[in-house]
Structures are given as C-alpha cells and as structure tokens.
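Asks: Sequence:
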Amino acid sequence: MDSKPHVENLVEFFKVLGEPNRLRIVGLLAQRAYTVEQLSETLDVGASTVSHHLARLARAGLVVSRSESYYNLYSLKTDALSGMAKEMLAQAQPARPASEQDLCDFDRKVLATFTTSDGRIKAFPMQERKFRVLLRHVLPSFSHGVRYTEKRVNEILSKYNDDTARLRRWLVDFGYMAREGGGGKYWRVDKE
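Heads up, the final residue of the sequence shown is numbered 1035 in this note's numbering, and it's a clean run with no missing numbers.
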C-alpha cells in the first residue's frame, strides 16, 4: 500500500488545524453550530477572517454549513474528525526497529514486560534467560571493532538503566562483551 497519499492527507489535516484561530473555531463548533458573526464575536476576530478560516476548514472537509433564515450556520463534521483519527490510529503501528524484527515471541514478551516504550529497562528479571534478552537489547548500542572506555560504556548503558554497573558486569559475565583487566577498555564480542 502506498503511504504517500496518506501522508499528504495527514500533512494537510495538520496544516489546517495548525492555525490557532482555526483550532479555536473547531473547538467551538465541537460544542454547537455557530454563524460567522457569532464566531467573530466570541473569538474577537473580524468576520472576514472567520469566513476565511471556515472556508479553509470546509475545503478540508471538517466543516459544513446550512442556511437558516438570513445566515449560514456552521457545524463541525465530527465524522470527518473521527475518520481521520481512525485512519491515523490504523497507521500508527510503528515499524519495529531492525533489531526487534527478528525477535522471537518470548523476547518480545520479555521486552514488553521489562522495558518502557522508549526502550529503558524498568526492572530486572530474576531468570537468567530473561536477563539475557535485556542484554541482547542493549548490545546493538555497541559497535563491532570499537574499544570503549568504562566511562563511555556507562554513558551508553545509562540510556537503558541507571544501574550501569550491573549491566556492564553482566554483559562481560555472559560473554557479550570483553574487557581488559584493571578497568581497561571494553569491546563487543560476536556471539552465535
């Protein structure tokens, strides 16, 4: 499915709603129908400005008008808003990072349980198998063939959890990284 028209629709939608007065008009119309004059008075904006904003909202399919005696009464097309919201939510499933695409169900479940949506580790599991999943989760932050100081390793690991000593120690203990003795350099080890 080509996502270009979808992206263009979203851009146009947010451009229309990105103007403060148009957003205020949508907020008012969400409550009830208004005439141009009523909106002008409520917003303390000129009637011609309100008419311009209403025309832009109508072109975007967000507002409709109907004649009532001498006035046009404007109302919000809530079905258009809810349709756009559904469309956005349907497309909102972000593509998983490449590092997560090959994960088995067990690994995905462990990460969902023990990490936040931004990838930080919120708790450490007791089972070694689950802990290894978390170690493999942080490992891509380290490049092959690069030697890191302990300070740099801690900086990288702090993005995942404040207990950098535990993560650093277990990365070495489980053979994902190696280090020189006496607090020397650390480097990533290839594991099958």
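Take the hints with a grain of salt, since some may be wrong.
[Said to hold, decoys possible] With a cut-off of at most 27 Å between alpha-carbon atoms, the simulated DSSO-like pairs for lysine-lysine come out as follows:
#	residue 1	residue 2
1	Lys1002	Lys1028
2	Lys952	Lys920
3	Lys952	Lys965
4	Lys920	Lys858
5	Lys952	Lys994
6	Lys920	Lys973
7	Lys920	Lys965
The hints are simulated quantities; they were obtained by calculation from the structure and are not laboratory data.
Asks: Of the numbered hints stated previously, which ones are contradicted by the structure, given in increasing order?
Replies: 2, 5, 6, 7
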